[in-house]
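Spelled out from the first residue to the last, the chains are:
Protein chains: 2
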Amino acid sequence: MAKSSTAKSAAPKGTSGLFDSNYNPDLKYPGFGFDITHKDPNSRARVGKLKTPHGTIETPNYIFCGTKASVKNLSPIQMKEAQTDIILANTYHLMIQPGADLVQKMGGLHKFMNWNGPMLTDSGGFQVFSMGHGTCADEIKGRNINNKESLLKITEEGAFFKSYHDGKTLMLNPEVSMELQHKLGADLIMQMDECTAYQVTKDYTAKSMEMSMRWGDRSLTAFEKHHNGTQALYGIVQGGVYEDLRKISAEYVASRPFFGTAMGGCLGGSDEEMYGILDWCQNYNHPDRPIHFLGIGRLKDVITSVRYGIDTFDCVMPTRIARHGMALMKGAPNERINLLNKRYKDDPEPLDPSLDIPCSRDYSKAYIHHLFKAKEMLAYQIVSQHNVAVINKLMREVREAIKNDTLHQLEKEWLVD
Amino acid sequence: MAKSSTAKSAAPKGTSGLFDSNYNPDLKYPGFGFDITHKDPNSRARVGKLKTPHGTIETPNYIFCGTKASVKNLSPIQMKEAQTDIILANTYHLMIQPGADLVQKMGGLHKFMNWNGPMLTDSGGFQVFSMGHGTCADEIKGRNINNKESLLKITEEGAFFKSYHDGKTLMLNPEVSMELQHKLGADLIMQMDECTAYQVTKDYTAKSMEMSMRWGDRSLTAFEKHHNGTQALYGIVQGGVYEDLRKISAEYVASRPFFGTAMGGCLGGSDEEMYGILDWCQNYNHPDRPIHFLGIGRLKDVITSVRYGIDTFDCVMPTRIARHGMALMKGAPNERINLLNKRYKDDPEPLDPSLDIPCSRDYSKAYIHHLFKAKEMLAYQIVSQHNVAVINKLMREVREAIKNDTLHQLEKEWLVD
Chain E
5 MAKSSTAKSA APKGTSGLFD SNYNPDLKYP GFGFDITHKD PNSRARVGKL
55 KTPHGTIETP NYIFCGTKAS VKNLSPIQMK EAQTDIILAN TYHLMIQPGA
105 DLVQKMGGLH KFMNWNGPML TDSGGFQVFS MGHGTCADEI KGRNINNKES
155 LLKITEEGAF FKSYHDGKTL MLNPEVSMEL QHKLGADLIM QMDECTAYQV
205 TKDYTAKSME MSMRWGDRSL TAFEKHHNGT QALYGIVQGG VYEDLRKISA
255 EYVASRPFFG TAMGGCLGGS DEEMYGILDW CQNYNHPDRP IHFLGIGRLK
305 DVITSVRYGI DTFDCVMPTR IARHGMALMK GAPNERINLL NKRYKDDPEP
355 LDPSLDIPCS RDYSKAYIHH LFKAKEMLAY QIVSQHNVAV INKLMREVRE
405 AIKNDTLHQL EKEWLVD
Chain S
5 MAKSSTAKSA APKGTSGLFD SNYNPDLKYP GFGFDITHKD PNSRARVGKL
55 KTPHGTIETP NYIFCGTKAS VKNLSPIQMK EAQTDIILAN TYHLMIQPGA
105 DLVQKMGGLH KFMNWNGPML TDSGGFQVFS MGHGTCADEI KGRNINNKES
155 LLKITEEGAF FKSYHDGKTL MLNPEVSMEL QHKLGADLIM QMDECTAYQV
205 TKDYTAKSME MSMRWGDRSL TAFEKHHNGT QALYGIVQGG VYEDLRKISA
255 EYVASRPFFG TAMGGCLGGS DEEMYGILDW CQNYNHPDRP IHFLGIGRLK
305 DVITSVRYGI DTFDCVMPTR IARHGMALMK GAPNERINLL NKRYKDDPEP
355 LDPSLDIPCS RDYSKAYIHH LFKAKEMLAY QIVSQHNVAV INKLMREVRE
405 AIKNDTLHQL EKEWLVD
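Residue numbers (the numbering used here), protein chains in the order written: chain E, 5 to 421; chain S, 5 to 421.
There could be a bad hint or two in this list.
A pair holds if it fits inside one copy or across any two, identical chains being indistinguishable in the list.
Unchecked claim - Pairs of lysine-lysine residues, derived as PhoX-like cross-links and limited to a Cα-Cα distance of at most 20 Å, are as follows:
hint, residue 1, residue 2
1, LYS349, LYS43
2, LYS166, LYS377
3, LYS84, LYS157
4, LYS187, LYS349
5, LYS251, LYS334
6, LYS349, LYS109
7, LYS334, LYS172
8, LYS304, LYS84
Bear in mind the hints are in silico, worked out from the structure with no lab data behind them.
Please read these numbers as outputs of a predicted model, since none were measured by experiment.
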């Protein structure tokens, strides 16, 4: 798939060529900035300020998924009420419907969806490649999903696939992704990469990573074409579960004038493997750039990963589990309670009055249980907002804990075995 | 079904016995009141103040349906934001799930669903009898629905039916309905009646009406058992499309110590027939009591019916059509626009900025069109709240128009042919 000669030329060897001296982030990304304001002496954990044209957020922070330009069941007002700082939307879904041109015509994503805070879009690649080999979750759970009918082919040029909307053949590559993300207009955008699966060989992973590096350079070139100071580009570290590949990929991203670094690709089948991979990469990632952890965001992931220097997270989990009746809960087994459980049928207590928002304070668990049983959609709204508020509370407490060197205590309060 | 001898004894003849002199509403319903503050000189239209233990509302007003203790897709906060004064819940749905005992244990409906304003419950009868002969809408549209499997039998004792939840045989009669409504704890409650269908004969309608009158007396007796000043009971006028029967039923309700009068039963197959029936009844309904129009609530129904002296309306229409992409709109053909129509694909205008709430002011029609196309549930929330806000605006304008004698002008502004 990838020509290895091209791949080698794109992969810097050793540390030479790292931290390109011609790159000045203040000049390249003038509306953006990342200031690390506190470092934990005992780990890589850090508190920072991530500046965008739509506001500055404190990190570590959590980017909530508004996949199709809407965080499911929640309005921007409800997101703000839950103290949300930043959200994302998915380029893949939006290119299919309503189309990036339409979003641009309507004034860009911020105006279209009425969110005036910082936003991120991904490249669209992840969803396209998920068609080919299923999701990471599918792999971990041993589900063998192979939607070859949707993903037609991957070449050096790009990925060809069928629209789930109308069956038309579409193509996504670095140039297309940069143009789409430019039209969508989020603050933080992502290079195009291939996200490899757990089940592929090391050889495939290496070649794919090398192609992702070439796609990174093409993304940077295409980014420049539209660059007007309103967007900042992240590079993505690939390399699967292989230390040597992760090193090459991390060094590549650090060597290029990306604003931020995103940790991508498959991260293994266990938490230990995932944190091992994070650890390898952080030896080579650029220390001064914000590090985003793509698609990872359980409470335990957050509390552990910040120690590896992760600055931002994203995951559909908070709103997805809400639709299945699961409310995130500090100190609960598996981080959550199942409101469908009959134990809540006559429970007069609210979800968590300390959150001080109506959804967590004013409705009894009995009422929410009833709403789920009666299939009343207000249940989704209540529990989704609660879960977002829980995550945002966690992030505030994580930042305080890093400042006060109490992460270990925080972990005990939030997580039980 | 009904013994005619009993029926005759329950039906007062002529006007003798009307307006029982022993009945003093201020004594019987001390927490309640209905003061007519303005009367239109040219019609029966009137403005009033309806006082309940949970607040006083101005009439004419619209009671929004929170069928299963939730107005679909909208929180009480969103209902208040849309300037809602009063909502209802359905006894039939709540007796099945979660059960009236559970609601009572949780502190009653107001506390359970976190609505602190005035509330109404119906008797449960309408849904039970709908099982037997389908809904009015079914009839008007010629659909022949006959769920005899659910409605088992109707006798003088009550209605026996199968729970859609678990298949158990349940019974609803005046005594059960009063007990259920007492446990639910709404402010305004309804006598148990049989709601007859359009397709039944005059003989059946007469016998059913006579039974409803006997059930009215049983409801009054059962109401007394639980009466503690927190609830006020409405009688229901039946009699189908027959003037002589409507007269008997209206006189019956007026002669009994009901707090309010509800217009029930089938109202014919055309608007003309419906208003003719209203006109008959209003000659005999108690002039000092609030008049509720059960299940009727298109914009044109509201604007026309207030001239017949209707004080309150209820209908699922505002939130139901919202889920099908229909936004109520002043002066639009058929009172609404269809947001699924491709003409809205790139329409940057909001639904109605004059409503001054986020859902009507801050989202473009293009965005809402996209949300429906993408099956994003936020669409339901936005359009449902918009529709509620439109209705509440209409009701405010109706009250002003009655005060200023400008109903005719209001009709021209809101309705087009």
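Results of checking the hints against the structure:
In this homomeric assembly, LYS349 and LYS43 never come within 20 Å of each other (Cα to Cα): the closest approach is 46 Å inside a single copy and 48 Å across copies. Within a single copy, LYS166 and LYS377 get their C-alpha atoms only as close as 38 Å, which misses the 20 Å cut-off; across copies the closest is 18 Å, which meets it. For a Cα distance limit of 20 Å, the shortest separation of LYS84 from LYS157 qualifies neither inside one copy, at 41 Å, nor across copies, at 53 Å. When the C-alpha separation of LYS187 and LYS349 is checked against a cutoff of 20 Å, the pair qualifies only between copies, where the shortest distance is 17 Å, while the shortest distance within a copy is 48 Å.
Taking CA atoms no more than 20 Å apart as the test, LYS251 paired with LYS334 passes in neither setting, with 36 Å inside one copy and 63 Å between copies. Taking the shortest alpha-carbon separations for LYS349 and LYS109, only the inter-copy value of 11 Å comes in at or below 20 Å, while the best intra-copy value is 48 Å. In this assembly of identical chains, LYS334 and LYS172 lie within 20 Å of each other by CA distance neither inside one copy nor across copies; the values are 46 Å within and 40 Å between. In the homo-oligomer, the alpha carbons of LYS304 and LYS84 never lie at most 20 Å apart, since the shortest distance is 24 Å inside one protomer and 38 Å across protomers.
Comparing the model with each earlier hint shows violations of hints 1, 3, 5, 7, 8; every other hint is respected.
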